[in-house]
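Asker: These protein sequence lines are chains A and B, in that order. Position one of the first sequence corresponds to residue 1 (my numbering), numbered consecutively onward. Position one of the second sequence corresponds to residue 1001 (my numbering), numbered consecutively onward.
Think of the hints as simulated: they come from the structure by calculation, not from any bench. Mixed in with the good hints, there may be bad ones.
As the list claims (entries may be wrong) - Think about it this way: if two alpha-carbon atoms lie no more than 35 angstroms apart in a straight line, the pair counts; the simulated DSBU-like pairs of lysine-lysine are:
1) B:Lys1219 to B:Lys1122
2) B:Lys1008 to A:Lys266
3) B:Lys1167 to A:Lys440
As the list claims (entries may be wrong) - Short, incomplete list of chain B residues facing chain A, as computed with Cβ under 10 angstroms:
4) Ile1006
5) Lys1008
6) Pro1009
7) Ala1029
8) Tyr1142
9) Leu1155
10) Tyr1158
11) Leu1161
12) Thr1166
13) Trp1168
14) Tyr1169
15) Asn1457
16) Lys1460
Stated by the list, open to error - Each pair of labels, with its calculated beta carbon distance range:
17) B:Phe1174 to A:Tyr92: 53 to 61 angstroms
18) B:Ser1232 to A:Ile17: 41 to 49 angstroms
19) B:Tyr1154 to A:His175: 35 to 43 angstroms
20) A:Leu6 to B:Tyr1169: 18 to 26 angstroms
21) B:Ile1022 to A:Asn398: 49 to 57 angstroms
22) B:Ile1022 to A:Lys356: 52 to 60 angstroms
23) A:Ile320 to B:Tyr1169: 42 to 50 angstroms
Even glycine gets a Cβ: it sits at the ideal position worked out from N, Cα and C.
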Amino acid sequence: MLFNSLDFAIFFPIFFIIYWIVAKNLTLRNIVILFSSYVFYAWWDWRFLFLIIFSSFVDFTIGQKIYKTTKKKVRRNYLALSLLLNLGFLAYFKYANFFIDSFIKSFKLFGGELDSFTLNIILPVGISFYTFQTLSYTIDIYRNQLKPTKNWLAFFSFVAFFPQLVAGPIERASHLLPQFYKTYKFNYQALRSGLLLMAFGLFKKMVIADRLAIVVNEVYNNPTDHAGQDLIIATVFFAFQIYCDFSGYSDIAIGLSRTLGFDLMKNFDTPYFSKSITEFWRRWHISLSTWFRDYVYIPLGGSRKGEYRMYLNLFLVFVISGLWHGAAITFIIWGFIHGVIIVIEKVLSNNKIIIKRDQFFSGLFFTILTFIIVCVAWVFFRANNFSDSRYILQNLLNFDSDFKNFYNLGLPSHEFDFAIIAIIALLIFDYIHRKYNALKLLNKMNFVIRSLSYVIIIFIIVIFGIYGDDSVSEFIYFQF
Amino acid sequence: MLKKPIYKPVIVFLVLFVAAFIYLNKVFATRNVFVNVYEDYTTLSNKTDIDILFYGSSHSYTSFNPVVLDEICKTNSFNLGSASLHISLTNMMLNNTLELTNPKLIILEIYNGSLPIPKARKAKGFQLRALDITPNNSIEKYNKVKNIYSPKEYLGVYFPLIRNHTKWYEYNFFDLTRRQELNSNYLFFYRGYRGHFQELKEKTLYKDFKKVTPPKDTKVKFFNNKTKEDISNFVKTAKQKGIEVLIVTAPDLKARYNNYAFFDELNSLCEDLKTPYLNLNDYYKELDLSLNDFMDISHLNIYGGTKTTAFLANYINKHYSFTDRSSNQVWLSANKTYLDSKDLLIKTENSTYHQILGKKLIDDVIIKEVLIKKSNRKYNITISIDESKMFADDYKDLNISFKIFPYDKDKLSDKSKLKKWNFDKVDIKLKEEGSLLKFQLISKIPDIEKIEIFLYNTHKYSGVIGNKITLNNILFEKRNNNFIEN
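Produce the complete structure using the sequences and hints provided.
Answerer: Structure follows, in structure tokens:
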């Protein structure tokens, strides 16, 4: 079920009412959450529900086993079993075809002959997200940072919690799981602020991301038909599309949870105002980058094993992050680019080469430079294959004299102009929001102005949103 | 659960939300010709009793012209036909429209294409015209909607805001009128009737439409139980209100080529319902219909409509009696429309104007002859250009402007009046290939005072290029001309 679908518009109010009716009874409330989360997931494909249930069962049981024993070797074996099962499923569903294909290509490279074949595998929605979430639970127990829960209902609900089940934020058990142990009182302020955040998320997804997607798809599906200016526009549009799509999803997830009394971690913090790639990764997909920091970078040795090892660790984290996003060479290159730039930035800062980024003009320069680097990396992320991405990068500056062609990129002129205005409005909003928390400011206003603002936001989504025709578009991060 | 202080903001929010929702649904209301029809219908029903109402599909509104019917029957009539309207929705429209007036006779036109449940997107779209005039709280509306649309389409069906939001740039947020602007040069619109001046283009396919023996495949059933029930309910509703019902099928060129058993099945249904049925496809001879009376293979044009309505009016006069409205102010005003448009309703014989010129527009472009064939409001123009002078590439951006000036400026087109021109005009490209330029000018101008022909640049208008040719004393004659074309 998608947040921007009619199905969800019917599902959520029903769930919300039942939830608050049973809210005082913890067991009943968690049953409602678990059942609704399974319905939410099964709406997409019920068969993969067993995968979530199995994964929940494995980590619930292994967590207990690890905690009960003090023997290091046994603990390690249990952890290995959890990693094997969780990552095994992930590897099978997500990477099997990629590895088979890569193996055949490598074999051919050395003169061997193998017939190409692929397995008919459907990628279960959200597998990368809930796998990482359950893994963090087991690893934290292994590290003695968390006590296992005996409450299976709370644990199963934590894994399947529908607001963040399919595209995060990837929550830590230490933060989210305890929230399933207590009941909440209905809080009007939280409801209001949650609904506002949901509306803002829907605005980003339906008004901006899905509109920009039309141009991006048109150009990226036929890059050879387009001149440099089209490729640049489509790439910049993709940068905003993926930001609005993913941060929009996170906003809806956080807002929705807030209406239920739950608190999810922040996932985005105006990333395109970053003055370096290092800063970008502190602001983009925060739940994933901190996950990689805690469960990959630190176990690899972090900065404890010397400077060069730290650079290697940093680089590896980003390459693995690229692979997490998708089983294709383009995602690995995307991670590679970020990894290389992060290492360069780290080398510069470690060697006391201070780059002033705080003054207005230097700040603006580094913000634009960072955005350009991010966009170049997005080319690999979005291109359908490696040769397309190579073509796009080679032709980015190969301009055509007919600049009015902008209006032939899938959006009529008024829609194209509106898309540009929407991007500018978003940047202005993000800028204000960064300094003053615009949503909090709005919540403090007089109730008439506030109500009027809510009504305007709702109808802007209704009028300018891209929806209808019996279909709604999926969120990009569902595929990861 | 809810504390007192939250009532106020919740109520303010709900009030604002509902007000904005109502307003925006008016803003995004679909602009189509049925808005004109329904508005005219409500206006007329507020002014006077309506004696005869037409219901049905596009065949109804292209075949039965109230202005002609009222002239003959001395009644007030109105045509509520709507394109591709499914019979079940015709039923619903009957219930809605009868709240405004109480006619004596209802004429239900049935077209076989309107019987199956619409599946195509366009056909589903046509049904919205009837649904839009029905309040959203109507249970009958919900029942009809669920038969035709999928649940995912419901929001769009019920709320124009959802349906039309993608066209946000087309809507005026302040002017809420949603009447369609109609070009009177192409269409005669009156009390729901839509008579096109256009004539059938492809005439060979159905040229024997009067002679063909109807094929009768009685295995095919056009009316299922649901359709029969819909028609039966329609008749029952009308009769319960003391209104007589006449079921008709309008002339349709395809009728005899398709399965003629449809008419037999409908006839038998009408007998069961004890309701008279008139199949106008059985009266081509009496109607004196020719291929020129059709706008396309299925619909009559204005001339065919006039003939058919006159025939129907005489039938009605013979079988029904009405109060004579001819002294009524509304009737008199309608009659004025009839008198004003009388020359448009009946096809006039072609007459021609022919002039040998041999005059230069520019050095390379010499007009040898001009031939104009006139019928009603259509001028078919042929200009012969001297072939020995080929056009240079420089002339590819040139247009010929052809202007006709009337004696009576009242007859100018709406566009000309709006632009304050004292002529109607047509512009055509000066083509390189061929020496004959053929084009059409649709105009209400009956008598032309003078004609002007000149060239201008299509990209940068900088006035007349070369010479302007002016033709005076334009007399149309009914004779053959030895034009170069012949």
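Asker: Hint by hint, say whether it matches the structure.
Answerer: Here is what the structure says about each hint:
1. B:Lys1219 to B:Lys1122: holds (29 angstroms)
2. B:Lys1008 to A:Lys266: holds (32 angstroms)
3. B:Lys1167 to A:Lys440: holds (33 angstroms)
4. Ile1006: Holds. Min distance 5 angstroms.
5. Lys1008: Since the shortest Cβ distance to chain A is 7 angstroms, the answer is holds.
6. Pro1009: holds (4 angstroms)
7. Ala1029: violated (14 angstroms)
8. Tyr1142: violated (17 angstroms)
9. Leu1155: holds (7 angstroms)
10. Tyr1158: violated (13 angstroms)
11. Leu1161: holds (6 angstroms)
12. Thr1166: holds (7 angstroms)
13. Trp1168: Holds, because the Cβ-Cβ distance from Trp1168 of chain B to chain A comes to roughly 5 angstroms (cut-off 10 angstroms).
14. Tyr1169: holds (4 angstroms)
15. Asn1457: violated (22 angstroms)
16. Lys1460: violated (19 angstroms)
17. B:Phe1174 to A:Tyr92: 53 to 61 angstroms: holds (60 angstroms)
18. B:Ser1232 to A:Ile17: 41 to 49 angstroms: holds (44 angstroms)
19. B:Tyr1154 to A:His175: 35 to 43 angstroms: holds (41 angstroms)
20. A:Leu6 to B:Tyr1169: 18 to 26 angstroms: holds (25 angstroms)
21. B:Ile1022 to A:Asn398: 49 to 57 angstroms: holds (52 angstroms)
22. B:Ile1022 to A:Lys356: 52 to 60 angstroms: The hinted range 52 to 60 angstroms holds for Ile1022 of chain B and Lys356 of chain A, with Cβ atoms some 56 angstroms apart.
23. A:Ile320 to B:Tyr1169: 42 to 50 angstroms: Given a distance of about 46 angstroms, which is inside 42 to 50 angstroms, the answer is holds.
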